[in-house]
Amino acid sequence: MRNTLLIARRELAAYFRSMSGYVIFALVLLIDGILFNAFALGDGEHRSAEVVAKFLEYTSGLVMISSVLLSMRLLAEEKQTGTIVLLTSSPVRDREIILGKFLSGFAFLAIITLATLYMPLLIMVNGKISWGHLFAGYLGLLLLGGTTLALGTLGSALARTQVLAAIISAVLVTTLLIAWALAHVTERPFNEFFQAIALYHKHFTPFMQGVIHLRDVVYYGMMIYFSLFAATRVLEARRWR
Amino acid sequence: MIQVRGLTKYYGDHAAIRDLNFDIASGEVIGFLGRNGAGKTTTLKVLGCVLLPTSGTATVDGVDVVANAHAVRAKIGFLPDTPPLYNEMSVGDFLRFAAELRGVPSRQAAAKVQAAEEKMDLREMHDVPIGSLSHGYRQRVGVAQALVHQPALLILDEPTSGLDPIQIVEMRDLIRRLRGQHTVLISSHFLAEISQTCDRLLVIQRGEIVAQGSEDDLAESRGKSAIELTLRGKIETARAVLSVLPGVVEVNDHDPASALPGEVNLRIRAETDLRAELVRASVAAGLDVLRIDQAASRLESLFIELSRNDPPTADPTSPASTGDAS
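Read top to bottom, the protein sequences are chains A and B. Take 257 as the starting number for the first sequence in the numbering used here and just add one per residue. Take 4 as the starting number for the second sequence in the numbering used here and just add one per residue.
No lab work stands behind these hints: they were computed from the structure. Values in this document were obtained by computation on a predicted structure and should not be read as measured data. Cβ atoms here follow ideal geometry from the backbone N, Cα and C, with glycine treated the same way. Incorrect hints may have been included.
As the list claims (entries may be wrong) - One-sided excerpt, in silico: chain A residues whose CB lies under 8 angstroms from chain B:
#1 SER274
#2 THR344
#3 SER346
#4 ARG351
#5 ALA426
#6 LEU433
Stated by the list, open to error - List of simulated lysine to any residue pairs, SDA-like, C-alpha gap at most 25 angstroms:
#7 B:LYS78 <-> A:GLY338
#8 B:LYS78 <-> A:VAL381
#9 B:LYS122 <-> B:GLY40
Generate coordinates for the entire structure from the input sequences, incorporating the hints supplied.
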């Protein structure tokens, strides 16, 4: 665990030292603010719960996109610059490298996500919000973001370059997003399978409504685990090449 | 310290290294010499637990690099051909990170970093971002990260690569200072870069060790005849009979993997061409001679080529240094 935290701390500092980290941070806040003002608040009167749900919907899209962008550098950049050898020649286990990388990205993503919290809090100026709804929504955002980040970590482990890593990660995330659409055009048992693995509709929508199902928490937890497990195996396989 | 037996690594159908056998004693400074693509980096990566061999064994301090890579990594410091540096970090922060990554406790890290910076003359660069350092200083930071945790074995892959003649001399001096503190394995494709620094040289060509010994030994061996011999019979008998012949300098196993059952391949170094005497002695001892061949030309030509590529030498007493931070 010491090595994991050591790697995570260095990586997190690297996000704050890099221009790309600040650019992603600023763009998420800017675009989320515009979407919140234009569509979630919109014209006329809305129920506070509806505004929060709309806000969570827009923010979830931004969280997924920023996860892919944040994760692309995690391992691909180290391979491009050759710094991966520092980690692989040190007494650090591959799973500690992967977990440390993931935790750094997740911490940065959590900071970005929590920085959007001022927007739903603005609703309190003219209305009331349920703290439970907000808690469920942000838990959902972090779980969804964690899952796309873990898929991105796998993409970054597979790719030689950051651009390729972003493409692989985007393909993985998109595949899991459109699984929901596949469920509508297939028959049992395939439609149930596609519904179950779909990244967004079945598992994130309840969080948007302020509902926490253990089933959804377990789904995201398992997706993170399997993605990081696969990324560890990919890193281990590098020693054979 | 290092024992390598039959080490082989294939990339697809291409053998990067083939049947390497060598030993390195504790405290030795060894130069690993060969042209680009000869197999130096692959060998060092296997010893550095970055790459797995296809077959054969390698142990560091008695610990197998495949079966117990984690334990071996704790004993070594590795500088790959491209120094693994994070440009956004300062030299001090980076060395502290490298030290803690290699298991140095946090409270001891500052002292270890200071010691490594002093060894590599980097104290003034402690707070300088690595991205703004010159190539010479980057190489020094690369060596410093490899030794910051004071490992028993230092593996340095081309530490003088890309340096100008004055920087090469400085790096040589820095590496010389490591003598007695670590076992050091340095690779290079230039003879002059490492010959003055090392106790012994291992010469590799096309993935095989073609010679080993001190520079004087190798220079001497160029003038001597090397004979390859394939016999049918017992290796003990062959060694006993051939090694006592007048003029024979050394009798070694050669390419044992390709020998058929009951056969032995030997490489014999001799003062002169002793092929007739070797055949007579073998037959008299009841050994069948299956093949005999002269094999001096390969080392001869390689040595000339490595020497011809020598970089220009610089005056080691020159006060000028091009290793300044830019």
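Hints, one by one, checked against the model:
| no. | hint | in the structure |
| --- | --- | --- |
| 1 | SER274 | holds, 7 angstroms |
| 2 | THR344 | holds, 5 angstroms |
| 3 | SER346 | holds, 5 angstroms |
| 4 | ARG351 | violated, 12 angstroms |
| 5 | ALA426 | violated, 26 angstroms |
| 6 | LEU433 | violated, 34 angstroms |
| 7 | B:LYS78 <-> A:GLY338 | holds, 21 angstroms |
| 8 | B:LYS78 <-> A:VAL381 | violated, 62 angstroms |
| 9 | B:LYS122 <-> B:GLY40 | violated, 31 angstroms |
Going down the numbered hints, you'll see the structure goes against 4, 5, 6, 8, 9, while the others check out.
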